[in-house]
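K.L.:
Residue numbers (my numbering), protein chains in the order written: chain H, 1 to 105; chain G, 106 to 409.
Think of the hints as simulated: they come from the structure by calculation, not from any bench.
Among the hints, erroneous ones may be present.
[As the list claims (entries may be wrong)] Reference excerpt, derived from the structure (chain G facing chain H, CB under 8 Å, subset only):
1. Gly134
2. Ala143
3. Glu158
4. Gln159
5. Phe160
6. Glu182
7. Ala354
8. Gln356
9. Ala357
10. Arg358
11. Phe395
[What the hints assert, rightly or not] Part of the chain H face toward chain G, derived, beta carbon under 10 Å:
12. Met1
13. Thr9
14. Pro11
15. Gly15
16. Gly16
17. Ile22
18. Val26
19. Asn30
20. Leu31
21. Asn80
Ideal Cβ positions, reconstructed from N, Cα and C, are used throughout, including at glycine.
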Amino acid sequence: MEKLSFRLTAPRSAGGTRTQAIVGVVASGNLEVLLERDLPADICATDIRTAGHDFGMVWDAVVRDFVARRAAGGLRISVNDGGARPDTVALRLAQGVRKIEEPER
Amino acid sequence: MTEVAANTVSQSWYEASARQRIDALVDAGSFVEFIGPALREKSPHLAIFDLPEQFDDGIVVGRGRLDGVPMLVAAQEGRFMGGAFGEIHGAKLTGLLRAAHALKQDLLILFDTGGVRLQEANAGELAIAEIMRAVIEARRAGVSVVGLIGGRAGCYGGGSLIAGTCSHLIISEQGRLSVSGPEVIETNRGIEEFDSRDRALVWRTMGGKHRYLIGGVDTFVDDEMLAFRQAAIDARRAGRRCDVAMLEAEQARLERRLQRFGETKDAVEIWQTLGINDPTEVPALPTDAFLRATTDRENADDAR
Numbered sequence: 001m002e003k004l005s006f007r008l009t010a011p012r013s014a015g016g017t018r019t020q021a022i023v024g025v026v027a028s029g030n031l032e033v034l035l036e037r038d039l040p041a042d043i044c045a046t047d048i049r050t051a052g053h054d055f056g057m058v059w060d061a062v063v064r065d066f067v068a069r070r071a072a073g074g075l076r077i078s079v080n081d082g083g084a085r086p087d088t089v090a091l092r093l094a095q096g097v098r099k100i101e102e103p104e105r
Numbered sequence: 106m107t108e109v110a111a112n113t114v115s116q117s118w119y120e121a122s123a124r125q126r127i128d129a130l131v132d133a134g135s136f137v138e139f140i141g142p143a144l145r146e147k148s149p150h151l152a153i154f155d156l157p158e159q160f161d162d163g164i165v166v167g168r169g170r171l172d173g174v175p176m177l178v179a180a181q182e183g184r185f186m187g188g189a190f191g192e193i194h195g196a197k198l199t200g201l202l203r204a205a206h207a208l209k210q211d212l213l214i215l216f217d218t219g220g221v222r223l224q225e226a227n228a229g230e231l232a233i234a235e236i237m238r239a240v241i242e243a244r245r246a247g248v249s250v251v252g253l254i255g256g257r258a259g260c261y262g263g264g265s266l267i268a269g270t271c272s273h274l275i276i277s278e279q280g281r282l283s284v285s286g287p288e289v290i291e292t293n294r295g296i297e298e299f300d301s302r303d304r305a306l307v308w309r310t311m312g313g314k315h316r317y318l319i320g321g322v323d324t325f326v327d328d329e330m331l332a333f334r335q336a337a338i339d340a341r342r343a344g345r346r347c348d349v350a351m352l353e354a355e356q357a358r359l360e361r362r363l364q365r366f367g368e369t370k371d372a373v374e375i376w377q378t379l380g381i382n383d384p385t386e387v388p389a390l391p392t393d394a395f396l397r398a399t400t401d402r403e404n405a406d407d408a409r
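Whole structure, please, built from the sequences with the hints as guidance.
P.N.:
Next comes the structure, spelled out in structure tokens:
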């Protein structure tokens with residue numbers, strides 16, 4: 001397993017009021033994303049545990065793109081990855097941000 | 106939203122995740138998870154094998170309401186390591202069963218499992234034994250433990266043994282219930298005994314329809330969230346005996362079943378012996394027609 005961490009300045013803070021959300025599942029070509037709202041509103045921290053090795057530059061690009069485009073400020077994001085492709089990772093991250101924005105029931 | 110507001114979205118049980126199944130099964134918005142992913146109670150063993158972990162260790166446990174009645178719920182995630190039991194995964198279900206016993210609340214187990222995780226086999230096997238004991242102790246105290254089977258991984262190995270201790274089992278055509286899986290049988294006994302790639306053979310030997318016909322399960326439903334929900338509501342009202350007389354009746358039934366079907370070579374022969382017209386058509390029958398055609402099925406007697 002390889003561990004990667006990113007702590008980036010986020011242009012937009014996450015919407016909604018939920019304190020946490022989880023999407024996805026750890027399976028081959030898939031990943032789970034746990035989002036917790038416990039950081040300053042302009043920071044997004046991402047911790048990744050991945051089955052793939054030496055893909056740090058790809059993760060860096062995907063995470064930077066995600067934080068630049070989506071409202072991810074204030075989120076501590078934890079990823080367990082089962083070897084997902086970059087497009088799957090980007091979609092799961094976007095799905096997670098949408099989920100934490102949902103109104104609480 | 107009212108307290109018992111039901112979910113009304115039509116959705117496949119087979120395709121859904123553990124969390125989606127719980128959301129569709131219990132009253133809308135009523136589910137509260139115990140030991141959720143943020144607590145990171147992960148397997149202590151997988152890292153040794155350099156394998157990815159999941160924050161909930163592949164099982165979601167908590168409480169909710171079913172048609173207004175408080176209920177405990179556990180759902181296995183069949184896509185994470187085939188829904189297999191490890192130390193934490195098993196301990197979460199054992200704890201929930203003990204809570205059901207203490208609180209006198211009924212419990213639903215959403216099975217989706219290949220059995221015990223090989224990487225933590227001893228812990229997993231111990232967990233299966235603890236869970237079976239906890240199921241029986243809860244049932245002896247008058248609690249219903251209802252199993253629902255319709256996921257991708259089916260219900261195999263230790264999971265099938267646990268299912269065997271439940272008060273009531275609900276299955277869909279896609280659900281499979283068997284101690285040994287197709288690949289295990291082929292590996293041990295050869296392809297002449299069982300061809301695991303013959304999907305029709307797998308389904309008619311282990312699938313929901315056959316298990317319903319031979320009394321291995323109590324209720325047969327469509328692969329549909331709302332069908333599972335309604336069956337779970339109905340199952341709560343079913344008998345909740347767990348005593349010696351019931352077990353002896355079941356033992357006698359199983360002996361009769363062995364006498365009746367022991368010499369048959371294929372499930373189709375069993376269906377024929379059961380008196381089903383056109384037994385070869387059983388796999389193709391839609392649910393309504395299947396249930397009409399199967400009034401002479403074996404009875405499960407609340408035990409199997």
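K.L.:
Take the hints in turn and mark each one as holding or not.
P.N.:
For each hint, the structure was consulted:
no., hint, result
1, Gly134, "holds (4 Å)"
2, Ala143, "holds (5 Å)"
3, Glu158, "holds (6 Å)"
4, Gln159, "holds (4 Å)"
5, Phe160, "holds (6 Å)"
6, Glu182, "holds (6 Å)"
7, Ala354, "violated (41 Å)"
8, Gln356, "violated (40 Å)"
9, Ala357, "violated (43 Å)"
10, Arg358, "violated (39 Å)"
11, Phe395, "violated (31 Å)"
12, Met1, "holds (6 Å)"
13, Thr9, "violated (24 Å)"
14, Pro11, "violated (26 Å)"
15, Gly15, "violated (19 Å)"
16, Gly16, "violated (16 Å)"
17, Ile22, "holds (5 Å)"
18, Val26, "holds (4 Å)"
19, Asn30, "holds (7 Å)"
20, Leu31, "holds (9 Å)"
21, Asn80, "holds (5 Å)"
Hint compliance for this structure: hints 7, 8, 9, 10, 11, 13, 14, 15, 16 are broken, all remaining hints hold.
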